[in-house]
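Sequences are here, hints too, so could you generate the full structure?
Sequences listed follow chains A and B, in order.
Quick note: our numbering has the first sequence finishing at residue 461, numbered continuously throughout.
Quick note: our numbering has the second sequence finishing at residue 1534, numbered continuously throughout.
Read the hints as simulated data drawn from the structure, not as lab findings.
Where a beta carbon is used, it is the ideal one built from N, C-alpha and C, also for glycine.
Hints are not guaranteed to be accurate.
Straight-line alpha carbon distances no greater than 16 angstroms define the calculated EDC-like cross-link-like pairs of lysine to aspartate or glutamate that follow [said to hold, decoys possible]:
(1) K1352/B to D95/A
(2) K318/A to E741/B
(3) K79/A to E1481/B
Away from chain A, derived, C-beta distances all over 12 angstroms, residues of chain B [said to hold, decoys possible]:
(4) D492
(5) I536
(6) Y972
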Amino acid sequence: MKNQLYFFMVIFTGSAVLLGMTGCAKFLDKKTSNAIVVPQTVADLQALLDNAGLMNQTKTPASGEAAADNYFLTADYYKTCSPIERAFYTWQRYDYTFENDWSKAYTPVYIANYCLELLKKQEQNATNAARWGNVYGSALFFRSYYFQQLLWVYAKAYDEAAASADLGIALRLSYDFNEPSRRASVAECYQQVVNDTREAAYYLPDHPEHAFRPSKAAAYALLARTFLSMRRYDSAYKYADRCLKIKNDLIDFNRDPDLGTFKTTYPFKKFNRETVFYTEMMIGGVYGLVLSTRSKVDTVLYDKYAEADLRKKAYFLKSGDYYRFRGSYSKASVPFTGLATDEMYLIRAECSARRGVEGLQGALTDLNTLLAKRYEKSGFIEVTASTADAALNMILEERRKELIWRGIRWSDIKRLNKEGRNIVLEKVVEGQHYRLEPNSSYYALPLPTDIIDITGMPQNE
Amino acid sequence: MKKHIVLAAAVCMAALHLCAQAPVTGSLISDRTKDPVRGATVRSLATGATAKTNGSGHFSIKLKSFPDSLRFTHIGYITQTVVIAHPGQVVLAALTEREEEMEQVFVNTGYQKLKPNEINGSVTVIDNKMLNEQTGTNILQRLKGITNGLVFNSGKVGAEGGNNDISIRGLSTINGPLAPLIILDNFPYEENIDNINPNDVESVTILKDAAAASIWGARAGNGVIVITTKRGKYNDRLRINLNSSYLFTRPVDLYSAKQMPVADYITLEQGLFDKGYFNETIDNTATRPALSPLVEVLVKRREGKLSDAEAATQIEALKQYDSREQYARYFQRTGLTQQHSLSVSGGSGQFSWRLAGNYNHVVGADRSLFDKINVHLDNRIRPVKNLEVALTAYYTNSSSKGGLPSFNSVTSINRRHVPYLRFMDDNGQSIPIDQYRRGYTDTAGGGRLQSWDYYPLEEYEHNNTTRVVQDMILRASVDYKIYKGLSFNVDYQYQKQWSKSRALADTVSFYTRDLINRFTSLPANPALPPVYNVPQGAILDLANGALITKNLRGQLNFSQHWGQHSITAIFGSEMREALTESGDALTIYGYQEDPLSQVRVNYTAAFPNYITGSPERIPSREGVTAYYITRFVSTYANGSYTFARRYTLSGSFRKDAANVFGLKTNDKWNPLWSSGIGWLLSGESFYKVSALPYLKLRVTYGYSGNLDTRKTPLPISGVGNDPTTGFMVQRISSLNNPSLRWEKSGQTNFGIDFRLEQDVVSGSLEYYQKKGTNLYGPSPLDYTTWGLSRYIVKNVADMKGHGVDVSITTKNLNGKVKWKTIWIYNYNTSKTTRYYSDQAKDFYTANDDGNRINPVIGRPLYSLTAYRWGGLDAKGDPQGYLDGKLSTDYKAIYSAAAAKGLQSGGLKYVGSTVPLHFGSVTNFLEWRQLQLSFNLMYKAGYYFKKGTFTSAEVIMGGMGRADYALRWQQPGDEAHTTVPAFVYTDYLQFNERDGFYMNAEPNVVRGDHIRLNYVNLAYEARLKNKTGTVLRIYANAANLWILWRANKYKLDPDAPYGDPAARQYTVGVNVDF
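Here you go:
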């Protein structure tokens, strides 16, 4: 009997120990689901960057467009707005917290940083060089793209003299959330964007597999945009030109496979031939103000479109007594804010015109190339200008008319006011007059209140 | 009761001749088990000399004179006296166990069965009789109102939104899982609890404190509910039990949500129309939203299509209808639940078995259908000595079919509640409820589209989901007695639950017609046929899923008694795997059942929506979903040592490991332990309180855990495909945090068990303290680093709780009329002691309804704060306090309250929203063959926020509440009402004004109440046949009345916004052959 007892004891404890030591480790290493993974490989990282839901769609800031002058609200709609929206609409200081432009745009930044850091641990060899390079270049591009979007909203206009003192955004270059955020100077921020985008351009392919993915063309377009907002027009010219050398398609508004009939609510094809890189405006925060189904196009602006200008039909729909915007390249109400060839033509034209007489012809050629695709064939007469300044004025007006609801106007107002164009924003709401003076400190919009509280970073004036 | 006394006085002739001084010896055994009775007192009635029986039940005592009598006393046995005729006599006595101990239910912890007095921890056992006090189909619901320490919460959710329906001794976590662990027989049960047939349940044990629950380790932090099913007995005759009952459920009382009169609503809606509120909707040609019947009339009048007089007549007509009356008339019926069960059991010396079947048929108040069949087979065999093999199978098959739509869904037009709808016209024809603008659907497509009419009364006949759930449990266990008190057992359980759902929307259904219409494109040339991107025909959605669990346990059991010592111990280890397969799903278009046909559609292309023109894809559930698998490995030990039946030391230790993704194996193990001490005071020789013959004190301390396998230390991404590009994509959905650990909750329990003479009063008193440390909690995150959340979860929170559980049974009358009462009183409170979050402020509990865990340091986890109330001003605006002065600047009051909390002077802390005091009183009366019992439940010491009329709610489309009638209408009204004047959205601080008022003091009321939970009446007759058949006929009424409540608004605090638990009536019969 005793022997039997010992026999059982030994068997039992033996098997328990065995189980604990070996089997159990394997048993417990089973992944909890086939839907999850710790992203590590180059393919994983590419998959993170390919998640358009976090990288491209509804991520660029809305507050710039919402503070600008392309739209207005009817009195009825204004009444249904939240206190924050009302304050924002009338350029009042306001407190706001998560979730907002800041949180939305920093989400792709985290993913880009994660990829850049994890990529260091991945061996780069002959077989994976292209894929490795695409991830590396894409991650640098995405980070720069959103840094630049944030700069347009949260920093003052780039001013060579003040840039190293003016406050920029938080330049997050690591995915470690324990590293504190601090605001870098405007100069540092733009430098980072320019350097990284240049490096990205080196690694990226000329054309992307899909407009959600960055490409060389996109990197050049981003550099052109960035230099334009820095008012470094020569560089802006150079990169717009490089972009157009890769891709110079334009949609012919008279007849084009990428454009449906004007009877459909959203006539433009998504990922059309002009799209170099696709992003959309975020739809939280103060987006409700510019929601194109509710807000109306500024009446003065609307009247500037000539009757023969097909944009007047393609971009707008009658809505009550006014017109609403419907011409987004997203084929939906959400504004397309990405990079497109029409913007590159306009940048190259503007930069040419700014060279003076020597650039005049080039500027007019670019402008006419674009407008020929925008006007009715029968009604189009090539524009001419005798002076570079006249051409520049024309180009700037076309720029505003062409790139409406793209999240660009706010930066343009800032930039142009730096050159004394004296664009004053005015609104009358419920009998009260509101005015935003050129170069007002409000042009650097306030950061989220909770971010200021947690990080102790200085708030904009 | 059978008094079985065996007195075997073996007279030894030789001994008679020996010395007269020879001691009297003998041994005591248990009448039932034949085991020796240890530690019994043997006392001479003549001299008072005493002796004790040793470990093998032997005693020896010297007596001086003969004849003498020896009295054997023992706590567990009935006292016996034996006459001793001469010295040297040898006595063999069999003692009968005390009746109540024999009747007592064993406490099944899921690992071992113990007698209640062998446990130091805190447990509540609900026996079969108490379980049958209530008649519902859900076993857990039958615990309501009769279980010490357990409370049903109405509408409460966790911090992250998870349900918190049942809680044992309140909370032990803030953000962790809140549900108690449910054990069916020996293993966790994670399937639908409705699968279990209550008639198969023998008893339910609630393990409340850490010492009792810690044997279940890392998932026992919220307590454990152990359900023990019935089984056959060895050496038992054939037994047949038949039970049949009919349960009637009253439909929801729609009038319980107090609503403003229809005529008032119509006037108000007209006012909104006049202000232009509906203009946006009326002019919306993008999505063509439907308008309420009144607004349609008003639009027609404005457009001149109706004269003022015609419009007035139509408006008058609308005032005659009430959606509630209509819904009650056409949609609601009394629901009927039938439960029929039959069981057969028996056993021989080597074999015991039980076979039970159950059938449920439910027709809901909304005409939904539910059918369920259970089969339970339990076999036990003792093929050879010392070996028992048990085989159990439990099979459930249920099928359910949806019913009519809910009141809220059918009375809502374009997300506005319409209180004056009709569903049937005077000719008995169903009336359609508009889903799009009537004027548009009447003409759209020029007759080339299908009708867009939605008939809520008929839709469910054409668009319904059938769901079949099957559950199979197979269990095998082998128990082998190795040597004396040592045994070894191995248990294996395999369980699989399959579910299949089939949603069919036929061609008549609105769903199908609407989808086909929206995906139709009509060529400009009317001669060409329409293009149907969604084909003509029915739409069938199929989905299935499965849950498979496997358990394996090996356990050594040891039980040994010698002399004054007694040891019981177990040691074992187990593995568990639970695999959830969400399964696969399929959508079939153009479906026709017979002859079978189906049409393939293009899921990848986007087609213009016929109404809006924006591109949309055809909806599809097609796909295979991921599996989820959790694995646990545990080793555990539990033991107790008792000395002299008076002192018990107990302890347990357990280590759990789980397959938490991304953790190193060493970090996966989480050790938990508990210890306790018990002292049977009444067993001491100095204990002289004869009125209180039983008194036991016990103290325990231990840890149980809380595990959330979703929280992981690595950045984990989900995998999928981008719908646009088709690229494989990954998404990191939560921020990694390598410092995350499992939650632990410590609990101390002090208990007293007592029994008065003749058990007139018996019961237990317990006091406990809970302390949760390093709990999961949000820590504010600089979301510059990661934009998807403002918080990151860390082990940063602490909480503390304490409470009292009292259960007392009194036998009030014991004559012809028997009357027994069970009194249960529970007190529980918990508070947050450490938490980092912006939201953890009184300000946030002021702007919430108190139904969500909202951790504020120093406050209960569920708490309410209200805005201080300064009455209405002369314009009918509510006033609060700002800087000590009355103010109507609500924005400023908010900002001050958000920044400074109570210090701002604008807030007042109110209290807990879960009852601090709760319990029940159950009375049992018996007279001849009649039995009557009734149960009163009470809850006290808490508050809730009542609904009230606000301008915003009714303007935005909610239900206008009845206190609209009390609103401020003219100066002077402020003296006698707290309901502000009605204002339109152009009021400067429109939303803030309503937000302030809704959350101000007048709308926070006390929840204290007493309700009559159920009444039971039964007639029980024992027939005079051979087997003594027992016939029982019973009637039960449940969820009856609130007998008293602290609020003066006649609100049910468990359902303050309407929809209280439906009243139920049951009649049934139970026969025991």
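Here is how each hint holds up against the structure:
A distance of roughly 12 angstroms separates the Cα atoms of K1352/B and D95/A; the hinted pair therefore holds under the 16 angstroms criterion. Using a Cα cut-off of 16 angstroms, the hinted pair K318/A and E741/B holds, with the two alpha carbons roughly 14 angstroms apart. In summary, the hint linking K79/A to E1481/B is not supported, as the alpha carbons are separated by about 71 angstroms, beyond the 16 angstroms threshold. The beta carbon of D492/B is kept farther than 12 angstroms from every beta carbon of chain A, the shortest such distance being approximately 28 angstroms.
Chain A leaves I536/B outside its interface by the beta-carbon criterion, the shortest separation being 32 angstroms against a cut-off of 12 angstroms. Consistency note on Y972/B: stated as away from chain A, and its beta-carbon is indeed over 12 angstroms from all of that chain's, at 25 angstroms minimum.
When held up to the earlier numbered hints, the structure conflicts with hint 3 and nothing else.
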